[in-house]
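Undergrad: If you want the building blocks of each chain, they are given just below.
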Amino acid sequence: MASQDITPVGKDSAKVSLLNDPKVRGYIFQAVAVLAIAGLGYWIVDNTIANLQRARLATGFGFLDGRSGFDISSSPFLAYSSDSTYLKALMVGFLNTLTVAFAGIITATILGFIIGIGRLSHNWLIRKLCTVYVEVFRNIPPLLVIFFWYLGVLSVLPQARQSITLPFNMYLNNRGFFFPAPVFGDGAWLAGVGLIAGIVGALLVRRWAHKRQMATGQQFPVGLTALALIVGFPLLALAIKGFPLSFDYPVLGAFNLRGGSQIGPEFMSLFLALSFYTAAFIAEIVRAGIRGVGKGQSEASHALGLRAGPTTRLVVVPQAMRIIIPPLTSQYLNLTKNSSLAVAIGYPDLVAVGGTILNQTGRSIEVVAIFMIVYLSLSVLTSLFMNWFNAKMALVER
Amino acid sequence: MGTNLKGQIVMKNLVLKGALAASAFVLLANAASAATLDDVKKKGFLQCGVNTGLPGFASPNDKGEWSGFDVDYCRAVAAAVFGDATKVKFTPLSAKDRLPALQSGEIDVLIRNTTWTLSRDTQGFDFTGVNYYDGQGFMINSKKLSGINSALQLSGASVCVQAGTTTELNLADYFKANKMEYNPVVFEKVEEVNAAYDSGRCDAYTTDQSGLYAYRLALTAPDDHIVLPEIISKEPLGPVVRQGDPQWADIIRWTHYAMLTAEELGITQANVDEVKNGDNPEIKRVLGQEANTKLGTDLGLTNDWVVNIIKAVGNYGEVFEKNLGSGSPLKIARGINAQWSKGGLQYAMPIR
Ligand SMILES: N[C@@H](CCC(=O)N[C@@H](CS)C(=O)NCC(=O)O)C(=O)O
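Residue numbers (the numbering used here), protein chains in the order written: chain V, 1 to 398; chain A, 1 to 352.
Check before you lean on any hint, since a few could be wrong.
[As the list claims (entries may be wrong)] Restraint-style ranges between C-beta atoms, simulated for each label pair:
#1 V:G60 - A:L118: 18 to 24 Å
#2 A:G335 - V:L252: 50 to 56 Å
#3 V:I49 - A:A177: 47 to 53 Å
[Said to hold, decoys possible] Just a sample of chain V residues kept apart from chain A, beta carbon distances all over 12 Å, derived:
#4 G62
#5 S82
#6 L87
#7 R127
#8 Q159
#9 R175
#10 I199
#11 G223
#12 V293
#13 V315
#14 L333
#15 I345
These aren't lab readings, by the way, just hints derived from the structure by calculation. Nothing here was measured: the structure is a model prediction, and the numbers come from that model. Glycine included, every Cβ here is placed at the ideal spot set by N, Cα and C.
The whole structure should be built from the sequences, with the hints applied where relevant.
TA: Written out as structure tokens, the structure reads:
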């Protein structure tokens with residue numbers, strides 16, 4: 001295109017020179033700028049790689065399949081030992097980051113909604129309590145909240161020998177929370193089948209009840225039925241097989257409780273701190289979202305005879321969601337990124353494990369590159385999911 | 001008009017190319033610079049990487065003045081280079097940050113109880129010697145765990161350890177080799193390790209034995225804690241420099257040998273000026289009094305470099321006793337850090 005246009009310039013001098021055509025000039029300048037930036041980018045990357053290699057700073061990712069040589073305190077999903085590779089160690093750290101971020105996001109959301117709605121309550125005490133919560137947690141750096149839980153609450157729990165005994169053979173001490181671990185025997189697979197059947201059944205009931213309500217206006221206790229199905233089917237399955245289920249109970253060993261399952265104080269304090277901290281921000285977002293829904297909406301709802309609870313649940317919150325979701329996304333991203341404060345209390349998240357690898361191998365550039373890629377991907381994935389959710393929640397015009 | 005525009009573009013290109021070339025030059029020049037001695041002299045002081053706070057090796061007092069065995073080594077190097085032991089600035093570094101800080105040029109030398117290992121040596125660093133032979137041990141609360149008197153009884157224990165250390169790796173090896181289980185509790189900062197151990201989060205604390213003795217003093221009830229007898233590793237601790245600057249490595253290496261040699265020859269902080277003019281030829285040579293000597297200048301220093309070192313900090317034995325031995329709360333015995341002639345491992349190459 002461009003070359004065809006430019007050829008006639010010399011021949012036809014009557015026409016204004018194309019070079020003076022603002023559009024063409026614009027293109028030329030843009031092209032020059034793009035080339036210059038690309039060239040600069042290439043030059044920087046090329047030079048950096050050359051210099052890094054000279055300083056033995058970046059030698060590629062080959063080191064990741066070497067033996068790690070160190071142990072990791074918590075690896076609930078992968079079998080890891082000091083004989084595993086660095087790559088596996090990173091995976092363990094990554095899964096730990098995901099676990100704490102996921103658990104934190106769920107809890108922070110629930111807590112945030114309760115408190116945000118509480119701030120608009122008609123009850124003076126509830127309103128004030130929620131305000132105090134928000135003001136306190138919003139104004140403390142997250143690291144301090146983590147230390148508060150770790151040093152202030154969990155590390156002053158009693159020693160293993162004096163563990164606090166909770167019902168169902170559960171114990172709490174300064175090494176964490178211990179509970180019986182289920183051990184599945186022969187035929188326990190049927191319980192899994194039962195669970196799936198229960199969930200499918202619950203979904204079907206919900207669809208049926210919704211249709212019926214739309215058609216006849218009659219309501220149906222969906223929640224209770226679903227609970228009964230989801231708990232009942234697996235139980236039934238177990239009963240058929242003669243309860244092939246036993247428990248591994250924590251018992252006192254030489255140093256600590258052994259056996260059972262255990263959640264360490266590092267995970268607990270990080271999880272609690274991230275949830276409590278982020279909940280304060282979510283509460284504010286929820287409050288703003290609800291405030292953003294016209295007053296007429298709840299007045300109309302009241303006029304239709306709906307009480308305060310159903311009005312909030314069925315009329316206000318669904319509309320408020322449109323305002324809430326976008327800023328909620330950035331809180332989720334914040335929580336995920338804040339989870340890297342784990343290093344301060346020794347929870348082996350991606351950054352803690354990666355930091356150890358960085359130090360043991362000296363591959364700083366590579367490890368930091370991995371950090372950046374992982375957190376960037378997590379952020380992009382979270383954003384994509386929330387965008388999808390937002391589109392789903394958008395007001396559907398009828 | 002057309003040519004004008006072309007001219008503009010050409011000009012732009014030229015400017016751009018010029019800028020590129022200039023920055024390329026700067027980068028390359030940066031990468032090529034290796035003469036740490038010249039840099040240090042130009043700066044006017046030595047930037048020395050030390051521990052964040054390990055009593056006996058490096059710790060600041062409440063006025064921010066540093067003291068310790070490693071700190072005295074930093075001062076010795078400053079004295080060798082400048083003839084003035086005060087021309088040194090300290091950068092406190094955690095276990096994890098120390099080697100990257102040296103790599104990036106933030107410090108000129110790292111003297112921070114760092115174990116000489118093959119992998120560190122080949123990561124772009126050079127160890128210049130061993131100023132303290134150490135080994136890794138375990139500490140437990142003997143009041144709480146009264147039945148335990150060997151590390152081999154620690155199966156099932158939670159063990160506090162600092163991230164980014166050789167300690168962490170030896171720990172994994174030791175428990176694996178002895179088919180024992182343990183639960184590592186790993187922190188990045190040493191204060192966190194200490195606090196976790198002190199609060200009872202862990203049953204045992206593991207690090208270099210010298211470190212165990214130092215940190216024990218800071219616990220709430222030091223007398224309740226014992227160091228178990230097993231030494232599970234070799235931890236030769238010494239100064240580290242960036243690889244590729246042999247002159248600078250030589251200066252750090254021979255500073256250490258000078259301090260050892262001074263001890264062997266009985267040269268002390270108190271008598272150095274006096275023996276300098278005596279007639280022992282070896283002492284005279286070491287102290288730069290030999291006629292037309294070039295020993296100091298060939299190293300890139302002045303010929304009285306050893307005098308400056310000994311005047312500033314004393315000989316190896318003096319520095320050891322003051323910071324770690326009888327003159328300190330740690331009361332560590334010379335042990336394998338004695339001179340080779342006294343059954344130890346410290347052995348200086350001849351200064352001649
Ligand atoms: N010698 C070992 C361990 C050195 C080390 O970092 N020791 C710990 C405990 S004695 C320490 O000094 N920590 C202080 C800090 O990181 O600030 C190594 O080179 O990896």
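Undergrad: All hints are to be evaluated individually against the structure, with a verdict given for each.
TA: Each hint tested on the structure:
Under the hint 18 to 24 Å, the C-beta atoms of V:G60 and A:L118, about 20 Å apart, fit the expected range. For A:G335 and V:L252, the Cβ-Cβ distance of about 39 Å falls outside the hinted range of 50 to 56 Å, so the restraint is violated. Look at V:I49 against A:A177: about 40 Å separates their beta carbons, and that is not inside 47 to 53 Å. With 12 Å as the threshold on Cβ separation, the claim that V:G62 sits away from chain A holds: the shortest Cβ distance comes to roughly 14 Å.
The Cβ of V:S82 sits about 4 Å from the closest Cβ of chain A, inside the 12 Å cut-off, so the non-interface label is violated. The beta carbon of V:L87 sits about 17 Å from the closest Cβ of chain A, which is more than 12 Å, so the claim that it is off the interface holds. For V:R127, the shortest C-beta to C-beta distance to chain A comes to about 38 Å, beyond the 12 Å cut-off, and the non-interface label holds. Not every C-beta of chain A lies more than 12 Å from that of V:Q159, the closest at about 6 Å, which undercuts listing it as non-interface.
Residue placement check: V:R175 does not keep its beta carbon more than 12 Å from all beta carbons of chain A (closest about 6 Å). Once the 12 Å rule is applied to beta carbons, V:I199 is consistent with being away from chain A; the minimum gap is 36 Å. With a closest Cβ-Cβ approach of about 41 Å to chain A, V:G223 is found to remain outside the 12 Å limit, as its non-interface label requires. With a minimum CB-CB distance of about 46 Å to chain A, V:V293 clears the 12 Å threshold, and the non-interface call stands.
Taking the minimum C-beta to C-beta distance to chain A, about 50 Å, the non-interface status of V:V315 holds against the 12 Å cut. Non-interface status of V:L333 relative to chain A is upheld: no Cβ of that chain comes within 12 Å, the nearest being about 24 Å off. Consistency note on V:I345: stated as away from chain A, yet its beta-carbon is not over 12 Å from all of that chain's, at 7 Å minimum.
When each numbered hint is compared with the structure, violations occur for hints 2, 3, 5, 8, 9, 15.
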